[in-house]
Amino acid sequence: MLTINLIREKRELIIERLKVKNFDAEKVLDKILSLDSTRREIQTRSDSLQAEMNRLSKDIGLLLKTGRKKEADEAKEKTYTLKEEIRSLSEELTPLDIELRELIVSLPNLPHESVNKGFGAEDNFIVKEGGKIVDIDGEALPHWELIKKYDIIDFDLGIKLTGAGFPVYKGKGAKMERALINFFLDEGVKAGYNEVIPPIVVNEDSGFGTGQLPDKEGQMYNITLDNFYLIPTAEVPVTNIYRDIILNADDLPIKNIAYTPCFRREAGSWGAHVRGLNRLHQFDKVEIVRIAHPDHSYESLDEMVSHVENLVSALDLPYRILRLCGGDMSFTSSLTYDFEVWSGAQKKWLEVSSVSNFESFQANRLKCRFREKAGKQTQLVHTLNGSALALPRILAALLENNQTKEGIKIPVSLIPYTGFEIID
RNA sequence: GGAGAGAUGGCAGAGUGGUCGAAUGCGGCGGUCUCGAAAACCGUUGUCCGCCAUCCGGCGGACCGGGGGUUCGAAUCCCCCUCUCUCCGCCA
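Numbering of the first sequence is given in the numbering used here, commencing with residue 165 and proceeding in unit increments.
Please keep in mind that the hints were generated in silico from the structure rather than gathered at the bench. Treat the hints with caution; some may be incorrect.
Quick list of in silico lysine to aspartate or glutamate cross-link-like pairs, EDC-like style, CA-CA up to 16 Å [unchecked claim]:
no.	residue 1	residue 2
1	Lys334	Glu351
2	Lys247	Glu216
3	Lys531	Glu381
4	Lys195	Asp223
5	Lys339	Asp315
6	Lys240	Glu263
7	Lys174	Glu190
8	Lys242	Glu216
9	Lys512	Glu293
10	Lys240	Asp261
DEER-style ranges, computed between Cβ atoms [stated by the list, open to error]:
no.	residue 1	residue 2	range
11	Thr388	Glu309	32 to 40 Å
12	Tyr244	Glu536	46 to 54 Å
13	Leu305	Glu263	35 to 43 Å
Note that beta-carbon positions come from the ideal geometry of N, C-alpha and C, so glycine has one too.
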């Protein structure tokens, strides 16, 4: 959510910036500005009437105390009309506030100045490529064949238990999953992140705080009986830890890491191109979340990107880093880097991480502020997060890239975690 | 799930209709003292919104879990919701 101050002061800049996200903000902004000015006008009137009311009430109290009942009754008469006026002003104000808020909430975050305009994946900028793509011979199997061959992940069993997209990991598959989780967590802790285990079910306020609600309602599983949501990412609970909080400048940056399962309905995005582990309803992910000082949030972002880069390198996966174009970026993000790894048998790039700076967009929804010095004004923090990493596609790439006649070789860095060197 | 008690500022904890945005203690910040620190003492210390001011700031409004109501006036009375605690039940 953009701040009303920014909207008041930087109308032109917002219009310009949102064009990069292919969002035409002009009409909405003008509507907001006009509602805002009526709102303030009404509030000013209402506040001064309320002040008058408070004065009268105080007087009545004093008059009654000193036994001047008649004068008190006269004063009471005056309050009746005042009260009526105040009520009618507040009746004007309420729907206005609601409309204003809805409009402000509908504006996407401003993209960072380094973000280029574009419409989709084809317009993303390749920042860097790393690792070596090794050509596997013609008999290379895609991971959905490999998992059957070695009996490590069972989709049919998941269908029986729940439905499509809820796989069952078995034997070395399960061990591999757990190894990756532990590896990612340990690397994060080594890099100074504080490990947390949050709830994987959240309330509506949390969903709103990080921007999943109201616009992505249909993407989350909703527990209607209690009005809870299954988290689509640990970003939601871990960032919401800081909802309604005022931090001190020296608390920053806050660096948290969490492993959670993630749940996504993925409504309307099912099909042949998302076979196997490429897209699931439930998957495991280790997420890094940062709360940063506005002056240093881009340094934080860079650190997060290199942390993720170290992870994919350590797994010997060929990767590339993309800076997303305006059209491919999320509603809430200012700048996003995506990590993709090469999947040797499918012969395509798979997205395994998305690292973003949301600047103050989430912080404004969360009401997460900090104070530079005691007594000084509060200001909004910057929030950031990134996958470090999402597991299924990493697993898919590892299985495909490392397949040999003897079996699937485990990357060296992971062997201490798996306890075996090969899946056969 | 049943019965009862409760929710007040960073924390603890008073306050049951009228100068209460809220006593007091702790904590935090500033100062005095000190070579420095501790102790002691003095002062200060919430958030949001609006109006005015170039800055320091000034004035007004709202906020005592959330929402509604009664009243000239609500932290205080009434209703609904949420949460916490105690006991019972159930249970990893």
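Do the hints match the structure? See the list:
| no. | hint | result |
| --- | --- | --- |
| 1 | Lys334 with Glu351 | 25 Å, violated |
| 2 | Lys247 with Glu216 | 10 Å, holds |
| 3 | Lys531 with Glu381 | 21 Å, violated |
| 4 | Lys195 with Asp223 | 42 Å, violated |
| 5 | Lys339 with Asp315 | 13 Å, holds |
| 6 | Lys240 with Glu263 | 35 Å, violated |
| 7 | Lys174 with Glu190 | 12 Å, holds |
| 8 | Lys242 with Glu216 | 10 Å, holds |
| 9 | Lys512 with Glu293 | 14 Å, holds |
| 10 | Lys240 with Asp261 | 31 Å, violated |
| 11 | Thr388 with Glu309: 32 to 40 Å | 39 Å, holds |
| 12 | Tyr244 with Glu536: 46 to 54 Å | 48 Å, holds |
| 13 | Leu305 with Glu263: 35 to 43 Å | 56 Å, violated |
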